[in-house]
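In order, the protein sequence lines correspond to chains A, B and C.
Counting from 2, one number per residue, gives the positions in the first sequence under the numbering used here.
Counting from 8, one number per residue, gives the positions in the second sequence under the numbering used here.
Counting from 54, one number per residue, gives the positions in the third sequence under the numbering used here.
It cannot be assumed that every hint is accurate.
To be verified - Only some residues are given here: those of chain B computed to face chain C with a beta carbon under 10 Å:
no.: 1; residue: 56
no.: 2; residue: 57
no.: 3; residue: 135
no.: 4; residue: 137
no.: 5; residue: 241
Unchecked claim - In silico contact screen, one side only, chain A against chain C (beta carbon under 10 Å); selected entries:
no.: 6; residue: 51
no.: 7; residue: 61
no.: 8; residue: 115
To be verified - Pairs of lysine-lysine, DSS-like flavour, derived with a Cα cap of 30 Å:
no.: 9; chain 1: C; residue 1: 108; chain 2: C; residue 2: 98
no.: 10; chain 1: A; residue 1: 184; chain 2: B; residue 2: 121
no.: 11; chain 1: B; residue 1: 51; chain 2: A; residue 2: 141
no.: 12; chain 1: C; residue 1: 288; chain 2: C; residue 2: 278
no.: 13; chain 1: B; residue 1: 51; chain 2: B; residue 2: 94
no.: 14; chain 1: A; residue 1: 50; chain 2: C; residue 2: 266
no.: 15; chain 1: B; residue 1: 51; chain 2: A; residue 2: 181
no.: 16; chain 1: A; residue 1: 181; chain 2: A; residue 2: 170
no.: 17; chain 1: A; residue 1: 70; chain 2: C; residue 2: 98
no.: 18; chain 1: A; residue 1: 101; chain 2: C; residue 2: 108
no.: 19; chain 1: A; residue 1: 43; chain 2: C; residue 2: 278
Source of the hints: derived by calculation from the structure; they are not laboratory data.
Ideal Cβ placement from N, Cα and C applies to all residues, glycine included.
Listed below are the residues making up each chain.
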Amino acid sequence: MGLAEQQKALARLYTDTDLREQFLIEPVNVGKEIGLNEDEAKKLSEVSKDELTFFSESLVWKRLNEVTKLLPLVRKAVGKDFEKMFFEFSATYNPTGVKKHLEDTIAFCSYLEKRVEGDWIFDLIRFEKAFLEFNGLNRKCLVRCFSFDLRKAIENLSNDENVDSIEKKCWCGIWLRLGKKGKAKFYRIFIPSVLFLRHLR
Amino acid sequence: MDWLIENPLANMYGPLFLMVYAVLIIFLIAFHKIRLKSLDWTAKMPTPHIPQNPDPYEIAYLRGGENEVARSVVFSLVHKGFLIHTKDFIVKQEFFQKAETLPEIRLLSPIEKKVFSSVFHSSKTAEEIFKDGGVTSAIYTYCYDYEQKLQNEKLLMPPEIEGVAQRNASIAAVVILLFGCFKLFAAIAHGRFNVIFLIIMAIVAMIVLFVSTKLPRLSHRGRAYLEELQTAFSKLNIKPPSKAVRTNELPQPAYAGVDPTLLMVGVFGVSILSGTSYDYFPQTFQRASTHESGAVSGCGSSSSYGSSSCSSGGGCSSGGGCGGGCGGGCGG
Amino acid sequence: MKFDLLPKLGVGLGFREPFRADVFLNQDKIDFLEITADHYIDTTKEKERELDLLKRHFTLIPHGINLSLGSAEGIDELYLERLARLIETIEPPYFSEHICFTKAGGISIGHLSPLPFTREAVDVISRNIETVRTKISVPLILENITYMMRFPDTEMNEADFVSKIVLENDCGLLLDVTNLYINSVNQKYDWREYLEKLPLERVVQIHFVGGHKHKELLIDSHSHKTPDEIWEVTKEVMKRAPVKSAILERDENFPPFDELLKELETAREIGRMFKRWD
Numbered sequence: 002m003g004l005a006e007q008q009k010a011l012a013r014l015y016t017d018t019d020l021r022e023q024f025l026i027e028p029v030n031v032g033k034e035i036g037l038n039e040d041e042a043k044k045l046s047e048v049s050k051d052e053l054t055f056f057s058e059s060l061v062w063k064r065l066n067e068v069t070k071l072l073p074l075v076r077k078a079v080g081k082d083f084e085k086m087f088f089e090f091s092a093t094y095n096p097t098g099v100k101k102h103l104e105d106t107i108a109f110c111s112y113l114e115k116r117v118e119g120d121w122i123f124d125l126i127r128f129e130k131a132f133l134e135f136n137g138l139n140r141k142c143l144v145r146c147f148s149f150d151l152r153k154a155i156e157n158l159s160n161d162e163n164v165d166s167i168e169k170k171c172w173c174g175i176w177l178r179l180g181k182k183g184k185a186k187f188y189r190i191f192i193p194s195v196l197f198l199r200h201l202r
Numbered sequence: 008m009d010w011l012i013e014n015p016l017a018n019m020y021g022p023l024f025l026m027v028y029a030v031l032i033i034f035l036i037a038f039h040k041i042r043l044k045s046l047d048w049t050a051k052m053p054t055p056h057i058p059q060n061p062d063p064y065e066i067a068y069l070r071g072g073e074n075e076v077a078r079s080v081v082f083s084l085v086h087k088g089f090l091i092h093t094k095d096f097i098v099k100q101e102f103f104q105k106a107e108t109l110p111e112i113r114l115l116s117p118i119e120k121k122v123f124s125s126v127f128h129s130s131k132t133a134e135e136i137f138k139d140g141g142v143t144s145a146i147y148t149y150c151y152d153y154e155q156k157l158q159n160e161k162l163l164m165p166p167e168i169e170g171v172a173q174r175n176a177s178i179a180a181v182v183i184l185l186f187g188c189f190k191l192f193a194a195i196a197h198g199r200f201n202v203i204f205l206i207i208m209a210i211v212a213m214i215v216l217f218v219s220t221k222l223p224r225l226s227h228r229g230r231a232y233l234e235e236l237q238t239a240f241s242k243l244n245i246k247p248p249s250k251a252v253r254t255n256e257l258p259q260p261a262y263a264g265v266d267p268t269l270l271m272v273g274v275f276g277v278s279i280l281s282g283t284s285y286d287y288f289p290q291t292f293q294r295a296s297t298h299e300s301g302a303v304s305g306c307g308s309s310s311s312y313g314s315s316s317c318s319s320g321g322g323c324s325s326g327g328g329c330g331g332g333c334g335g336g337c338g339g
Numbered sequence: 054m055k056f057d058l059l060p061k062l063g064v065g066l067g068f069r070e071p072f073r074a075d076v077f078l079n080q081d082k083i084d085f086l087e088i089t090a091d092h093y094i095d096t097t098k099e100k101e102r103e104l105d106l107l108k109r110h111f112t113l114i115p116h117g118i119n120l121s122l123g124s125a126e127g128i129d130e131l132y133l134e135r136l137a138r139l140i141e142t143i144e145p146p147y148f149s150e151h152i153c154f155t156k157a158g159g160i161s162i163g164h165l166s167p168l169p170f171t172r173e174a175v176d177v178i179s180r181n182i183e184t185v186r187t188k189i190s191v192p193l194i195l196e197n198i199t200y201m202m203r204f205p206d207t208e209m210n211e212a213d214f215v216s217k218i219v220l221e222n223d224c225g226l227l228l229d230v231t232n233l234y235i236n237s238v239n240q241k242y243d244w245r246e247y248l249e250k251l252p253l254e255r256v257v258q259i260h261f262v263g264g265h266k267h268k269e270l271l272i273d274s275h276s277h278k279t280p281d282e283i284w285e286v287t288k289e290v291m292k293r294a295p296v297k298s299a300i301l302e303r304d305e306n307f308p309p310f311d312e313l314l315k316e317l318e319t320a321r322e323i324g325r326m327f328k329r330w331d
């Protein structure tokens with residue numbers, strides 16, 4: 002089997018759980034789908050099922066590890082469901098490029114937004130996502146509006162405390178890069194009453 | 008002398024002259040501002056290396072002068088357990104006063120010892136810290152030494168540049184004033200007394216000239232150095248009073264004998280303490296301070312947003328190393 | 054390539070942002086830094102400033118993770134351009150990458166994936182290294198990775214595979230002693246016999262760190278203190294190979310920085326014992 006075909010097949014098997022499971026049951030039929038002839042498929046199926054599964058699963062765990070680091074507050078807020086949802090998500094999306102972990106995380110945030118119950122968590126996801134988009138994707142300006150005052154929630158989560166009731170308060174977050182050196186600034190503007198500005202380096 | 012009052016400029020229609028005058032003022036101010044940038048020859052100097060044993064107080068002085076040093080020293084005394092912060096709800100004041108049980112005095116650096124013994128024999132409000140007889144007076148000689156050192160390293164704006172800048176500003180001011188006075192004289196000579204706009208414009212021009220072209224306290228080299236210090240040390244964590252303080256032990260060697268929290272305060276100012284157990288600090292000093300911190304508040308000031316969120320962006324790709332790990336949580 | 058002409062760098066650390074401040078506070082205990090190249094490619098202004106700052110204070114060795122030298126479909130030219138620009142900025146004495154592939158058929162695997170130990174794989178790597186050298190003239194050293202998967206069409210053992218690649222392409226070797234030990238346990242071979250087969254004169258740098266155990270397998274999680282078994286491998290390698298530098302490659306579960314410095318000092322002492330550096 003040519004190395005190129007083998008690698009293409011492996012890349013698919015490593016990153017597609019359903020495909021991998023089917024391949025391990027019916028290597029020849031599934032092999033055809035991924036560009037392998039009968040001999041190549043049979044050869045590849047001689048790879049240890051446990052080894053293949055272990056390696057493939059470790060890729061998802063690695064992604065999860067990186068995403069957790071980038072969404073520490075969301076992870077705490079969502080709790081155990083975070084992992085479960087990430088595994089579901091990972092089957093639908095595979096990031097590429099030098100910023101793959103960042104892109105993975107942003108895509109996962111979009112996935113979570115559609116699935117998470119509890120409105121303040123929805124805002125929290127968007128909030129952490131905004132920081133990632135602004136900092137990681139080098140955006141010059143970003144504006145996001147939120148319905149809940151997240152300050153208390155963030156303080157509680159940062160200190161590993163339970164989050165009590167969260168006040169509903171409309172506000173806009175403005176992320177800006179100013180000057181030649183592109184210094185990051187963050188402003189919060191409550192709507193509609195009091196203007197409240199904070200600076201973020 | 009007729010030529011003084013009979014020439015195209017003197018005879019120029021008033022509003023037209025005001026426009027020309029405005030253009031001249033804007034041009035002179037802009038030119039002066041651009042010249043100022045090129046005057047600062049410290050931009051050509053390499054930035055100093057980040058020291059391995061940084062002095063938080065020297066950095067605080069670089070960042071914002073003696074008031075910043077004062078704030079940092081008071082913080083350190085609280086952090087080390089020598090002072091406590093109290094609130095008197097009746098008189099509605101906040102005080103810093105000696106703690107009932109004091110740790111060993113050897114934990115204090117010379118500047119801290121001086122301040123503690125000469126200032127905090129009685130409790131002090133935050134305002135009193137900045138007044139005569141307060142902390143700023145006690146640290147005068149230390150600040151003088153910092154000033155000299157930072158001047159020698161060209162991290163503060165060299166006096167010779169200030170001299171040149173002032174001379175240039177004066178020349179621009181003289182040109183503006185002469186021009187204005189010339190027109191004022193010509194207008195009066197022609198019997199026109201509606202010169203109030205001319206006078207206001209000249210005054211505003213003087214104010215704008217001197218305000219907008221005031222040199223910063225730090226030289227270009229100093230600003231670059233401060234930014235690098237802030238880049239280097241932005242990942243230090245704010246720690247609560249360490250176990251070391253309570254057991255009278257010296258700080259961990261990994262921090263080169265420097266208290267990491269104090270270093271953060273020195274580099275970023277007390278605003279970095281927002282959202283921590285020292286949250287009262289920035290608020291207390293904000294009400295009391297007569298001098299603005301020169302530093303942009305650091306990530307910690309938004310730690311109410313979760314410092315991880317703040318830093319994760321910048322470090323968004325720094326989590327994993329070379330990826331050699333097998334995911335870390337393999338099945339676990 | 055005359056590897057003995059490369060400078061002796063001593064003992065350093067894989068740079069990770071969480072301990073940036075600690076690194077600056079302990080400059081005299083860290084001889085150089087290894088940076089993950091991907092972290093500084095197409096990156097933010099903050100990371101650029103960080104790189105500038107690190108460059109001014111330390112010798113930096115860029116460590117690539119995405120060149121995918123083992124990809125049969127060839128090198129990603131755009132990524133190579135960016136890597137080349139980064140290396141030009143840093144001016145390192147050498148740079149490193151892995152004997153693996155990380156992408157194929159438009160899919161990014163997200164991890165260092167093993168190659169079959171075949172002649173074809175050696176040829177693929179050779180072709181790709183040639184491509185890399187059209188853009189990057191700085192010497193390349195190659196790292197051995199861990200692997201769980203063994204391929205049925207293997208033609209040689211791992212040591213021979215690595216040796217052929219390194220010798221035929223005149224590359225240096227970044228011998229990851231942790232990976233070597235882990236593979237020896239998981240794949241049941243004797244690491245000493247492995248070392249016998251390697252062209253040890255080409256070992257320029259070593260990596261060391263601790264992993265963890267998962268059932269019967271050792272995992273290179275880069276998450277724990279370097280254990281005694283790996284120090285033993287380190288000693289053997291330092292004794293026999295003209296190692297110029299050693300890097301502690303801790304990625305996870307960071308302890309107080311003092312503990313990392315102690316590991317660096319242990320490696321330094323071993324190097325001194327075998328006169329690899331002063």
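Structure-based check of all given hints:
1. Interface hint at residue 56 of chain B: satisfied, since its Cβ lies 6 Å from the closest Cβ of chain C, which is below the 10 Å cut-off.
2. The restraint placing residue 57 of chain B at the interface with chain C holds, with a minimum CB-CB distance near 5 Å, inside the 10 Å limit.
3. Interface hint at residue 135 of chain B: violated, since its Cβ lies 34 Å from the closest Cβ of chain C, which is beyond the 10 Å cut-off.
4. For residue 137 of chain B, the interface hint is violated, since its Cβ never comes within 10 Å of a Cβ in chain C; the closest pair sits about 30 Å apart.
5. Because the closest C-beta pair between residue 241 of chain B and chain C is about 7 Å apart, less than 10 Å, the hint holds.
6. A distance limit of 10 Å between C-beta atoms decides the matter here; for residue 51 of chain A the minimum to chain C is near 9 Å, and the interface restraint holds.
7. Interface hint status for residue 61 of chain A: upheld, as the beta-carbon distance to the closest one in chain C is roughly 9 Å, under 10 Å.
8. A hinted interface residue such as residue 115 of chain A counts as satisfied when its beta carbon comes closer than 10 Å to some beta carbon of chain C; here the least separation is about 24 Å, so the hint is violated.
9. Taken as a hint, the residue 108 of chain C and residue 98 of chain C pair is honoured in the structure, with Cα atoms around 15 Å apart against an allowance of 30 Å.
10. In summary, the hint linking residue 184 of chain A to residue 121 of chain B is not supported, as the alpha carbons are separated by about 38 Å, beyond the 30 Å threshold.
11. The straight-line distance between the Cα atoms of residue 51 of chain B and residue 141 of chain A is roughly 29 Å, inside the 30 Å bound, and the hint therefore holds.
12. Between residue 288 of chain C and residue 278 of chain C, the direct Cα distance comes to roughly 16 Å. Compliance with the 30 Å bound is thereby established for this hinted pair.
13. A C-alpha spacing of about 50 Å is found between residue 51 of chain B and residue 94 of chain B, which places the hinted pair above 30 Å, so the restraint is violated.
14. The hinted pair formed by residue 50 of chain A and residue 266 of chain C meets the criterion: a straight-line CA distance of about 20 Å does not exceed 30 Å.
15. Using a Cα cut-off of 30 Å, the hinted pair residue 51 of chain B and residue 181 of chain A holds, with the two alpha carbons roughly 18 Å apart.
16. Taking the CA atoms of residue 181 of chain A and residue 170 of chain A, the gap is about 34 Å. The hint is violated against a cut of 30 Å.
17. For the proposed pair residue 70 of chain A and residue 98 of chain C, the alpha carbon gap of about 21 Å is at most 30 Å, so the pair holds.
18. As the CA atoms of residue 101 of chain A and residue 108 of chain C are separated by approximately 25 Å, the hinted pair is consistent with the 30 Å bound.
19. Proximity of residue 43 of chain A to residue 278 of chain C is assessed by CA-CA distance (about 42 Å); at most 30 Å being required, the pair is judged violated.
Violated hints, in rising order: 3, 4, 8, 10, 13, 16, 19; the structure is consistent with all others.
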